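Engineer: What follows is the residue order along each chain.
Number of protein chains: 2
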Amino acid sequence: MKIEVSQAELLHALQQTARAVPPSSPLPILAGMVLRIHREGITLLAGSSPMVIRTDIRIPMPGLPRETEDNGLVVPARTFADIVRKLPPGPVELEQTDRSMLCIRAGSGLFRLCGTDGEEYPAAPEIGRPTLQLRLPNTVLKSMIRQVAFAVSASETRPILTGVWCRSDGEQLKLVATDSVRFASTTSRIEQPSDTPPFEAIVPGRCMAELAKMLQDDQGETRIDADEALIRFHTADMTLSCSLLHGAYPPIDRLVPARPNCELKVDTEKLLQAIERVTLLSGEGCVVFLHTVSAESAALVGQAAEVGDVREEVPIETVAGEGVAISFNGKYMTDILRAIAGGTLMLRFYDKLGPIAAEPEPAAGSSSLYLLTPIRTSR
Amino acid sequence: MKIEVSQAELLHALQQTARAVPPSSPLPILAGMVLRIHREGITLLAGSSPMVIRTDIRIPMPGLPRETEDNGLVVPARTFADIVRKLPPGPVELEQTDRSMLCIRAGSGLFRLCGTDGEEYPAAPEIGRPTLQLRLPNTVLKSMIRQVAFAVSASETRPILTGVWCRSDGEQLKLVATDSVRFASTTSRIEQPSDTPPFEAIVPGRCMAELAKMLQDDQGETRIDADEALIRFHTADMTLSCSLLHGAYPPIDRLVPARPNCELKVDTEKLLQAIERVTLLSGEGCVVFLHTVSAESAALVGQAAEVGDVREEVPIETVAGEGVAISFNGKYMTDILRAIAGGTLMLRFYDKLGPIAAEPEPAAGSSSLYLLTPIRTSR
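Residue numbers (UniProt numbering), protein chains in the order written: chain A, 1 to 379; chain B, 1 to 379.
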């Protein structure tokens, strides 16, 4: 089977699919990628649970067999991508000569890559009767993921916290992530047919982060379907399938006390830059101390034993309630402020045991909330 | 002592000086950098043998002491650079408040950085009676270093081969580097006063590579002076001092046999791209097999056990002598072709025991020669 494809298109598809190739795996075949050449063009497929990515390059080839009639060929993913990256721009001819060889012709070069029968590659999980079907603009989905995915837990101690909790009632989509010290949530209005069923699932954070990187086509939309075990994200030329996490997600309804003691309105970018500088001298624990100086200004203080200390001031736009004096992890706050990405921000402080809440100005149809547990210090 | 400097200028000087800070050192003080604030401005100094870098920011401060009257302050180099990188553009005030504290003020921030007395920093070696004084345009020096420095030995087995051998007769400057498998040399005409004495020295390759990176000012020139132990490169605002290597450099006069068996003229860029692709499938030894196919074309072949193989053709512009069939390390040849950087190239092949010679077309007043020991294979 032989097909001609442009180098740029093939490289893009290869790079997208390779995101599902695990960096290391006990199963050597998972360092490979399945290539199928068929009547509708080229299909690339990589990964196994929790993440499988399938990419299609549509080139009508009426003479070739249907996709289902051939297992395809597993080729080493990294070598294949390295070769295509180095090929000159222009047409590339791919030919599967038998069950174990892929020929790549471009310019004056001929590469022959050893492969194995696609039958040996772990089968991608099939979705059952879908309980959810949503359509979202890529820009909305990408932005929502970027706003929360950083806050998932990096530790496997509570596997459920490595996931992003997603809930849709057909009118709104809510994404939540927390590692139990910080919490991020974002909600967007979504326009779906009125019979869209409600849905709740916990999607591994790593899959969500890869999905956000893959959503480069800002014009397009993503179709989401899911059953009890699996969620799939379809764009025009790619499908990312992802096994869901199972377990009880911690309750998120009563995280914020009723009334704040203090409320500050600040410029997000100014606060971010000041905290980034203060964390340079805030020691290993990254402890940043914030206190109101006047109605117009708050001070941020950091101290690193034997290295030095730092004091920054940021202007306050409005203040309500008492003043505040509180310490927090500067690195965690930086992550939150980067996710908020500009505009103005409401910081709310509660009594001693309460969290710090950060809430950006709501945009059209969407709102976000971030919480950070303060650090108790002797100060 | 207090001085005001622009953030951009301070950052540039810090980044240049930090090149001499060793990545790790048994002497903790070498993670620091000496800062001196004095009548002529700011001096930054870092490193110890073999490489010391001194950078000056000239700001006339008539009220301050002379540079020699104060030891300055050793501050943690990396933290200092990180802080200045994060400061807003605009003026930065540096104040040395006592023998152990540097205050940095910018915008609404105040950093206090702990330091130690500059007296404790290893003294930079002083040059004796110089045997060499040369002036070279930065572009010439940078280009010459880039053409040979990659070929120094990475192994300390023969320390002398980790250096670049430099020779000047007052009319020409020649730089040579070899790790005994590959050899690179370049010669440039230099216009110096007629009484310039001849000179020969072996400069550590790492210092030469850092120097090439620092020569960003294409308009300027570098003044070189040296004695038996030390060479110094001075630009408008920076001095790099470097301890010389001592020992007998291998003889380089009779490396090339008298007459080649075969001579091919090829386009450097086309050959480079073809070899880069072939090395993707040339196995762990990176063995590339080259053979002439016709008077117009040569083939390059690579083979990686259990992964695949590759064949590329490159056009030949002219050919002289017999055909050729020879194997070499593709990675090493790639380094050579990258150093040559374009144009056309003469490849010469000798008998079985001889090297492969690569010679780019000589440019105005300069010429280069590269040699590579072939790999003996059963082919």
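A hint or two may mislead.
Here are the simulated DSS-like cross-link-like pairs (lysine-lysine), alpha carbons at most 25 angstroms apart as the crow flies [as the list claims (entries may be wrong)]:
| hint | chain 1 | residue 1 | chain 2 | residue 2 |
| --- | --- | --- | --- | --- |
| 1 | B | K142 | B | K86 |
| 2 | B | K331 | A | K86 |
| 3 | A | K331 | B | K86 |
| 4 | A | K86 | B | K265 |
| 5 | B | K86 | B | K213 |
| 6 | B | K270 | A | K86 |
| 7 | B | K265 | B | K331 |
| 8 | B | K265 | A | K270 |
| 9 | B | K331 | B | K213 |
| 10 | A | K213 | A | K174 |
| 11 | B | K142 | B | K174 |
| 12 | B | K213 | B | K174 |
| 13 | B | K142 | B | K331 |
| 14 | A | K265 | B | K86 |
| 15 | B | K2 | B | K86 |
| 16 | A | K213 | A | K265 |
| 17 | B | K270 | B | K174 |
| 18 | A | K331 | A | K270 |
Covered by chain A, per the in silico footprint, the following chain B stretches (three or more residues, Cβ under 8 angstroms) [what the hints assert, rightly or not]:
| hint | segment |
| --- | --- |
| 19 | 81-87 |
| 20 | 218-225 |
These are calculated hints, taken from the structure and not from any lab test.
Model, not experiment: these values are computed from the prediction.
Glycine is no exception: its CB is placed at the ideal position from the N, C-alpha and C atoms.
Engineer: Hints broken by the structure, by number, lowest first?
Structural biologist: When the structure is compared with the hints, numbers 1, 8, 16, 17 and 20 turn out to be violated.
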